[in-house]
Amino acid sequence: MSETRFTKDHEWIKIEGKIGTVGITQFAQSQLGDIVFVEVPAAGKAVKSGGEAAVVESVKAASEVYSPVSGTVKEGNAALPDAPETVNQDPEGAGWFFKIEMSDAKELEGLMDKAAYDKYLAELA
Amino acid sequence: MPDAAADSLKTTPLEALHVSLGAKMVPFAGYNMPVQYPLGVLKEHLHTREQAGLFDVSHMGQGTLVGADVDAALETLVPGDIKGLKPGQIRYTLLLNENGGIIDDLMVTRVSDDTLYLVVNAACKDGDFAHIASKLKGRVTLTRHEDAALLALQGPTAAKVLAKFIPAAANMGFMSSRIDSFEDVPVRLFRSGYTGEDGYEISIPNAAATTVANALLAEPGVQAIGLGARDSLRLEAGLCLYGSDIDTTTTPSEAALNWVIGARRRAEGGFPGAAKIQGEIKNGAGKKRVGIKPLGKAPARGHTEIQDGQGNRIGEITSGGFGPSFNGPVAMGYVDSKFAKVGTPLALIVRGQPLPAEVAALPFVPHRYFK
Numbered sequence: 001m002s003e004t005r006f007t008k009d010h011e012w013i014k015i016e017g018k019i020g021t022v023g024i025t026q027f028a029q030s031q032l033g034d035i036v037f038v039e040v041p042a043a044g045k046a047v048k049s050g051g052e053a054a055v056v057e058s059v060k061a062a063s064e065v066y067s068p069v070s071g072t073v074k075e076g077n078a079a080l081p082d083a084p085e086t087v088n089q090d091p092e093g094a095g096w097f098f099k100i101e102m103s104d105a106k107e108l109e110g111l112m113d114k115a116a117y118d119k120y121l122a123e124l125a
Numbered sequence: 126m127p128d129a130a131a132d133s134l135k136t137t138p139l140e141a142l143h144v145s146l147g148a149k150m151v152p153f154a155g156y157n158m159p160v161q162y163p164l165g166v167l168k169e170h171l172h173t174r175e176q177a178g179l180f181d182v183s184h185m186g187q188g189t190l191v192g193a194d195v196d197a198a199l200e201t202l203v204p205g206d207i208k209g210l211k212p213g214q215i216r217y218t219l220l221l222n223e224n225g226g227i228i229d230d231l232m233v234t235r236v237s238d239d240t241l242y243l244v245v246n247a248a249c250k251d252g253d254f255a256h257i258a259s260k261l262k263g264r265v266t267l268t269r270h271e272d273a274a275l276l277a278l279q280g281p282t283a284a285k286v287l288a289k290f291i292p293a294a295a296n297m298g299f300m301s302s303r304i305d306s307f308e309d310v311p312v313r314l315f316r317s318g319y320t321g322e323d324g325y326e327i328s329i330p331n332a333a334a335t336t337v338a339n340a341l342l343a344e345p346g347v348q349a350i351g352l353g354a355r356d357s358l359r360l361e362a363g364l365c366l367y368g369s370d371i372d373t374t375t376t377p378s379e380a381a382l383n384w385v386i387g388a389r390r391r392a393e394g395g396f397p398g399a400a401k402i403q404g405e406i407k408n409g410a411g412k413k414r415v416g417i418k419p420l421g422k423a424p425a426r427g428h429t430e431i432q433d434g435q436g437n438r439i440g441e442i443t444s445g446g447f448g449p450s451f452n453g454p455v456a457m458g459y460v461d462s463k464f465a466k467v468g469t470p471l472a473l474i475v476r477g478q479p480l481p482a483e484v485a486a487l488p489f490v491p492h493r494y495f496k
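Respectively, the protein sequence lines represent chains A and B.
Heads up: the first sequence begins at 1 in my numbering, then just goes up one per residue.
Heads up: the second sequence begins at 126 in my numbering, then just goes up one per residue.
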């Protein structure tokens with residue numbers, strides 16, 4: 001069983017047990033435009049909820065990807081640095097950035113579910 | 126999405142066209158401008174290098190300068206050879222301050238013995254025209270052309286496209302200008318641009334701008350291009366962006382723009398900051414604008430610190446990003462002149478980490494101007 005939560009900075013985290021897979025949303029990739037560079041964190045890196053965990057750059061600008069939860073990175077998506085356009089093509093699938101072992105499942109309660117995120121997007125428009 | 130900030134922005138005559146084409150509009154130099162269309166910056170950039178891109182640059186400042194000794198008068202403000210311009214010839218030059226700093230870069234076209242046509246940057250235009258009018262008071266009359274839009278048609282098929290409407294466009298020399306008509310519309314054509322490609326800038330009465338733009342966009346291979354791709358195209362072409370790569374704190378020599386100062390002007394001087402600039406031409410300046418190629422994949426943006434191999438700060442990047450045609454990161458910036466030779470290793474401090482880079486020859490993508 002898995003569920004997906006969202007942040008106000010437009011990251012998603014798909015939760016399976018203690019492991020979360022993190023990426024940026026369809027909305028985020030559409031705002032960034034053509035992605036030309038991605039830097040993913042190395043396994044073992046400790047990250048905090050809301051802390052910088054990865055980098056994504058479009059032709060025009062660099063952006064940080066923040067970790068939705070605290071924990072230890074288990075794996076960065078090794079395919080992304082050589083194919084950053086994957087984030088444009090499949091942001092909520094093959095374009096995932098990293099997997100994290102969560103240290104505090106309670107942090108998930110502060111994140112939005114799909115319905116709440118869709119409502120949040122509607123308010124941004 | 127109109128809001129208070131957007132309401133205070135100026136618009137070009139093509140505003141409604143941009144919106145109808147689905148452009149993403151952003152504030153730029155006080156104007157609401159298209160940064161990209163649905164095609165996106167990357168594909169817009171590549172399209173311009175492969176076919177033809179149409180840019181709205183109506184925010185730029187256009188003006189006519191008239192006076193019996195108009196060329197000699199303008200030479201007191203710029204270091205370029207204006208007296209030597211033949212009718213219909215265009216020159217890229219610089220407005221300088223008394224310290225030799227660059228107030229703006231501009232295009233000067235000789236229309237006739239007593240008339241010059243100026244095109245200056247949007248963000249500088251009010252200041253430039255006030256400066257020119259005040260410094261040359263009594264010698265020249267300046268008329269601003271706020272009733273004129275400016276389109277740029279750039280790319281390898283630009284000449285073929287424009288010649289369908291204006292046959293004489295095809296044989297114009299690079300950096301030349303002529304008056305003609307586009308269907309019934311009087312236009313001033315310039316064979317010039319800001320992409321490194323062949324192409325034209327077309328000055329049109331505001332009322333006809335949308336008609337002309339639509340006629341060009343209806344031609345095969347012509348795509349509307351936003352400011353995002355305009356910036357990546359000019360960066361690959363090694364062309365300066367005023368306010369980023371050059372400003373009042375940089376001199377022509379520092380900016381690697383000595384080539385804009387012809388032999389007569391170097392010898393005679395008579396432009397603002399001449400003594401300082403003549404000294405820098407002879408002895409070299411302390412810092413120099415160079416091309417910079419990051420050796421990895423990460424782009425280095427403007428204001429990135431440049432270090433030598435020992436961790437000493439030796440300069441700063443002024444423009445940087447991803448070059449879609451170069452297919453990698455590209456940048457330019459200023460380094461201590463000791464480090465300006467092509468191939469010199471540099472370290473760029475990106476997100477706190479030194480990334481390897483080297484001084485690279487400009488342009489990153491060869492110019493393909495009409496010869």
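Keep in mind that the hints were calculated from the coordinates and are not lab data.
Glycine is no exception: its CB is placed at the ideal position from the N, C-alpha and C atoms.
It is possible that part of the hints are untrue.
[Stated by the list, open to error] Below, in silico cross-link-like pairs of lysine-lysine (DSBU-like), each with a Cα-Cα straight-line distance of 35 angstroms or less:
| no. | chain 1 | residue 1 | chain 2 | residue 2 |
| --- | --- | --- | --- | --- |
| 1 | B | Lys149 | A | Lys99 |
| 2 | B | Lys496 | A | Lys14 |
| 3 | A | Lys99 | B | Lys168 |
| 4 | B | Lys496 | B | Lys466 |
| 5 | B | Lys496 | B | Lys289 |
| 6 | A | Lys119 | B | Lys168 |
| 7 | B | Lys211 | B | Lys422 |
| 8 | B | Lys466 | B | Lys401 |
[Unchecked claim] Derived, one-sided and incomplete: chain A residues facing chain B with beta-carbon distance under 10 angstroms:
| no. | residue |
| --- | --- |
| 9 | Asp34 |
| 10 | Val38 |
| 11 | Glu39 |
| 12 | Ala42 |
| 13 | Glu57 |
| 14 | Lys60 |
| 15 | Ala62 |
| 16 | Tyr66 |
| 17 | Asp82 |
| 18 | Asn88 |
| 19 | Asp90 |
| 20 | Leu108 |
[Unchecked claim] Non-contacting residues of chain A with respect to chain B, defined by C-beta distances greater than 12 angstroms in every case (computed):
| no. | residue |
| --- | --- |
| 21 | Ser30 |
| 22 | Ile35 |
| 23 | Ser58 |
| 24 | Pro81 |
| 25 | Glu92 |
| 26 | Tyr117 |
Hints versus structure:
no.	hint	in the structure
1	Lys149/B with Lys99/A	holds (33 angstroms)
2	Lys496/B with Lys14/A	violated (58 angstroms)
3	Lys99/A with Lys168/B	holds (32 angstroms)
4	Lys496/B with Lys466/B	holds (29 angstroms)
5	Lys496/B with Lys289/B	holds (20 angstroms)
6	Lys119/A with Lys168/B	holds (32 angstroms)
7	Lys211/B with Lys422/B	violated (46 angstroms)
8	Lys466/B with Lys401/B	holds (23 angstroms)
9	Asp34	holds (4 angstroms)
10	Val38	holds (9 angstroms)
11	Glu39	holds (7 angstroms)
12	Ala42	violated (13 angstroms)
13	Glu57	holds (6 angstroms)
14	Lys60	holds (5 angstroms)
15	Ala62	holds (6 angstroms)
16	Tyr66	violated (14 angstroms)
17	Asp82	holds (9 angstroms)
18	Asn88	holds (9 angstroms)
19	Asp90	violated (17 angstroms)
20	Leu108	violated (28 angstroms)
21	Ser30	violated (10 angstroms)
22	Ile35	violated (9 angstroms)
23	Ser58	violated (7 angstroms)
24	Pro81	violated (7 angstroms)
25	Glu92	holds (19 angstroms)
26	Tyr117	holds (20 angstroms)
Violated hints, in rising order: 2, 7, 12, 16, 19, 20, 21, 22, 23, 24; the structure is consistent with all others.
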